[in-house]
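Produce the complete structure using the sequences and hints provided.
Protein sequence lines, in the order shown, are assigned to chains A, B and C.
Counting from 1, position 167 in the first sequence corresponds to residue 167 in our numbering; the numbering is continuous, with no gaps.
Take any residue in the second sequence, count from 1 to its spot, add 1000: that is its number in our numbering.
Take any residue in the third sequence, count from 1 to its spot, add 2000: that is its number in our numbering.
It is possible that part of the hints are untrue.
[What the hints assert, rightly or not] In silico contact screen, one side only, chain A against chain C (beta carbon under 7 Å); selected entries:
id	residue
1	32
2	112
3	190
[Said to hold, decoys possible] Examples of chain A residues toward chain B, derived with CB under 7 Å:
id	residue
4	66
5	70
6	72
7	74
8	81
9	84
10	85
11	88
12	91
13	92
14	95
15	151
16	174
17	195
What the hints contain is simulated information worked out from the structure, not anything from laboratory work.
A virtual CB, placed ideally from N, CA and C, is assigned to each residue, including glycine.
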Amino acid sequence: MKKQENLFYEFLKGLWEINPTFKQILGMCPTLAVTVSAINGLAMGLATTFVLIFSSVIISSIRKIVPNQVRIATYILIISTFVTIVDLVMKAKFPELSKALGPFIPLIVVNCIILGRAEAFASKNNVVRSFLDALGNGTGFLLALLALGSIRELLGTRSIFGFQILLDGFSTWMVMILPAGGFLTLGLLLGSANAYTNWKKRKSKKEILITNSILR
Amino acid sequence: MKKVLQVILVLTFTAAISGFVLSSVNNWAKPLIEENRIKAISQAIFLVQSEGKRYEKLNFNEMDVFEVFDENDQSIGYAVVHQGNGFQGTIKLIFGINKDLNKITAIEILEQVETPGLGSLITEDNFKNRFKNLNTQPLIQVVKGKKPSHDNEVQAITGATISSKAVVRIVNEAAEKLKKLNGIKK
Amino acid sequence: MELIIIFISAALINNFVLSYFLGICPFIGVSSKISSAVSMGLAVIFVMTITAIVSWLINNLILIPYHLEFLTIPSFILVIASLVQFVEMVIKKVSSAIYRALGIFLPLITTNCAILGLALFAQMREYTLIESVIFALGAGSGFTLALVIMAGIREELELANVPEPFQGAPITLIVAGLLALTFMGFAGII
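Here is the structure:
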């Protein structure tokens, strides 16, 4: 029972506790660039998760035979292979999305999240754990992109995923679609995430103090 | 010695597998990507030359020019792709022009990065329709704040003069180039 | 004339950091002191320029003639990784003070999306060798400019009363947003 709980944790931690965007502050470049709409955010999140999972699994399975000096080069080779696969498949099957995401699909290869997880986790853990870790981090990243993309699309064009939600009377916040809007929204979201974390910490500290004083 | 061998083996092996996988995926993807590209160009050409049924790429190096033919295989004019500097970046557009090279049939904006809500309005029908049946001789002129009074005038978008002027400049440039190239061809 | 347009466009109008969102990680990480910002900026300009040259050579002498465009990503990134390794060794020998100041961020130039982004853009726009070099110089200068301005502002911010949740990355991003707004003013100068 304990092992199963443990495994689920490997997945869960990526969603909030070590969320790549809000906690690790990694992968900022695509986060800001592609979140002008919810669908772009979703596509980028899926593409990144795909590369993350496959790279982590492969890297984990060969972790014992890769000599230390060349591990970064080997990891980069593996990651860039999967990124190229995603790039080619998107260009062939989803040309409009590929054009919309532009150079950021090839740029997944330098997304610090992937190399980061490979270094920090996949190179030191077995395949099953690495898979779950990758799945969790990827999903956490995807959720962050989705949140950012939806906010910017909603305030900038009154719609989410192309479906109009706000009434026509709402004056669109054009800045949301511009780079400036991306920075501002992410900064505010990060600040709010930190505020929530701090509030939770203070709350649990308070609870511990109260419990201790009752016990005395 | 063993360590160096291991390093070489791992790197070579990884590179080889990666190369093999990538070239296989590439072989699968290449025809599909080419298909997409041709579909996009055809779509654009027939958007600006609505009577067209078939097109042929002309052999000019400096510009993409397509001759368009109708259902009776008669030449009805050309579709020209050209680009130039807009307000925020490069604007790429395609326009249809008649056989005598003096009337625009229609324009389509292919790529632009103009200011959203202002310059980006050049992609709206409202602006594009102003180019239908526009005279190119004398050269197209931009008018601001009032309706065009001549057949070769286009009204700029309010608040997006530079983007509007850029579009007109690109079309004029391409039309002039085409006249020169056509002269050489004949 | 074309070259001047490419330079100014890359440095100001389409600034790599503030318009294209490339190079954000070092932008947030190294911009707390002006001196480290300048060092990082110069290192980036150097790596970018050499990368532009080498990637142009690889693209035009190997990838295109042999129809190997699908190997772009692996080849470019391996070039960048080797270059950064080399620059790291040089800096370590020349000035260990700068080496220590840049710390972990020096090897992280490899994952700096601005460098790979630059190589990919130059390939996409089919720049000539000269155009690629000017493009790299412009992009690197723009990156350095944004970084130094941000460092200057952050040094002042150290003395200001930033609410605790916003300290560090959040306030940097918000300031970056304001910077991005101001850089929009450069549009239309060419």
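Quick rundown of the hints versus the structure:
{"no.": "1", "hint": "32", "result": "holds, 4 Å"}
{"no.": "2", "hint": "112", "result": "holds, 5 Å"}
{"no.": "3", "hint": "190", "result": "holds, 4 Å"}
{"no.": "4", "hint": "66", "result": "holds, 6 Å"}
{"no.": "5", "hint": "70", "result": "holds, 5 Å"}
{"no.": "6", "hint": "72", "result": "violated, 12 Å"}
{"no.": "7", "hint": "74", "result": "holds, 5 Å"}
{"no.": "8", "hint": "81", "result": "holds, 4 Å"}
{"no.": "9", "hint": "84", "result": "holds, 6 Å"}
{"no.": "10", "hint": "85", "result": "holds, 5 Å"}
{"no.": "11", "hint": "88", "result": "holds, 4 Å"}
{"no.": "12", "hint": "91", "result": "holds, 5 Å"}
{"no.": "13", "hint": "92", "result": "holds, 4 Å"}
{"no.": "14", "hint": "95", "result": "holds, 4 Å"}
{"no.": "15", "hint": "151", "result": "violated, 16 Å"}
{"no.": "16", "hint": "174", "result": "holds, 5 Å"}
{"no.": "17", "hint": "195", "result": "violated, 31 Å"}
This entry does not satisfy hints 6, 15, 17, going by the numbered hints stated previously.
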